[in-house]
Amino acid sequence: MDEAREPRRAAAKTQRSLLRDFFRPSRGQFVVGLALFLTALIVVLTLRSQATQPEFANVRQADLIQLLDNVTGETRRLEEQVRELERSRTELLSGADRDQAAREEAARRLEQARIIAGTVPAVGPGIRIEIQDPGERVTAELLLNAVEELRDAGAEVIELNDAVRLVMNSYFSADETGAVTADGVALAEPYVIDAIGDPATLEAGARFRGGLVSEIEGERVGGRVTIEQLEAVDISSVVEIAEPQFARPR
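My numbering applies: residue 1422 is where the sequence shown begins, and numbers increase by one.
Because the hints were derived from the structure by calculation, they are not lab data. Glycine residues also receive a C-beta, built at the ideal position from the N, C-alpha and C atoms. A couple of the hints might just be wrong.
Claimed, not checked - Restraint-style ranges between C-beta atoms, simulated for each label pair: (1) Arg1504 - Glu1661: 56 to 62 angstroms; (2) Thr1622 - Glu1551: 52 to 58 angstroms; (3) Ala1528 - Arg1630: 41 to 47 angstroms; (4) Pro1546 - Glu1664: 31 to 37 angstroms; (5) Ser1515 - Thr1647: 51 to 57 angstroms; (6) Ile1648 - Leu1514: 47 to 53 angstroms; (7) Ser1635 - Ser1515: 56 to 62 angstroms; (8) Arg1498 - Gln1533: 49 to 55 angstroms; (9) Leu1651 - Ala1528: 24 to 30 angstroms; (10) Thr1622 - Leu1513: 44 to 50 angstroms; (11) Gly1556 - Thr1622: 40 to 46 angstroms; (12) Gly1556 - Leu1651: 25 to 31 angstroms; (13) Leu1506 - Met1589: 30 to 36 angstroms.
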C-alpha cells in the first residue's frame, strides 16, 4: 500500500516544482523574456512608423541617397544661376553707367564744338578791349593781328562790337569807303573786342612789346587802348552755318 502511494507523491512533488518554477522564473529566464519583449516592441513600433511615413517610407536607402544627391546637385545649379544673374545685372548696370558717361561726354564735346563753331552763345571769364581810333588809322590787318594774338594767348571765344562772332574762317577787309569790315559787317570806332579765356593771360598777350597795345598807342596810329578783366564776359552773337550742298556725313 505504501509502495503504491510513493509514485503519486513523487509526481505531485514534480508538478508543484514546475508550477513554482513557472511563477518564480530564474534570472536567466527573466533576461530571455525581457529580450523577447523588447524585440516584439521594436517590431511593432517599426511597423507603426512605416505605416505613418510619407512616400519615402518604402524607398531603399540607396535610392534615398541618390535622390539626395540629385537635390543637392539641383540646388547647386540654381545657386550658380543666381550668381550668373547677379553678374549679368552688375554688367548691365556697369554698361548703363558707361553708356551714360559716354552720352555725357558726347554732349560735352558737342557743346564745345558748337562754341568753337560760334553757333551758340557763350559766357565765361575774360577781358574786354576798347580801341579808340580818333585818326581812323586802324586797318583790317591790324585788327586781324590783334585777334591772332588773343587766340595765341588762349582766347576761346571772340566777339567784335557786340555784333560779329569771330570763328576760324572769319576774315577782315575794307569796304569801298575804306571802313574796316569783319565777315562783311562794317565796324565803327571805338572797336570793342570781347574775349573769353584766362583774363590775366589774355591781357598779357595784348600788352606784350610789339603787340596790340604797342601798335595802337604808337605814333603810326596814335590811338588809345583800355583793357578790363571781367569775371563774366557774355557773348551773344552767333554764326549762321550754311547747309552743305554736296557733302554728307560718312
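Consistency of the hints with the structure:
no.: 1; hint: Arg1504 - Glu1661: 56 to 62 angstroms; in the structure: 58 angstroms, holds
no.: 2; hint: Thr1622 - Glu1551: 52 to 58 angstroms; in the structure: 19 angstroms, violated
no.: 3; hint: Ala1528 - Arg1630: 41 to 47 angstroms; in the structure: 43 angstroms, holds
no.: 4; hint: Pro1546 - Glu1664: 31 to 37 angstroms; in the structure: 34 angstroms, holds
no.: 5; hint: Ser1515 - Thr1647: 51 to 57 angstroms; in the structure: 55 angstroms, holds
no.: 6; hint: Ile1648 - Leu1514: 47 to 53 angstroms; in the structure: 52 angstroms, holds
no.: 7; hint: Ser1635 - Ser1515: 56 to 62 angstroms; in the structure: 57 angstroms, holds
no.: 8; hint: Arg1498 - Gln1533: 49 to 55 angstroms; in the structure: 52 angstroms, holds
no.: 9; hint: Leu1651 - Ala1528: 24 to 30 angstroms; in the structure: 27 angstroms, holds
no.: 10; hint: Thr1622 - Leu1513: 44 to 50 angstroms; in the structure: 46 angstroms, holds
no.: 11; hint: Gly1556 - Thr1622: 40 to 46 angstroms; in the structure: 30 angstroms, violated
no.: 12; hint: Gly1556 - Leu1651: 25 to 31 angstroms; in the structure: 28 angstroms, holds
no.: 13; hint: Leu1506 - Met1589: 30 to 36 angstroms; in the structure: 52 angstroms, violated
The structure fails hints 2, 11, 13 (numbered hints given earlier, in ascending order).
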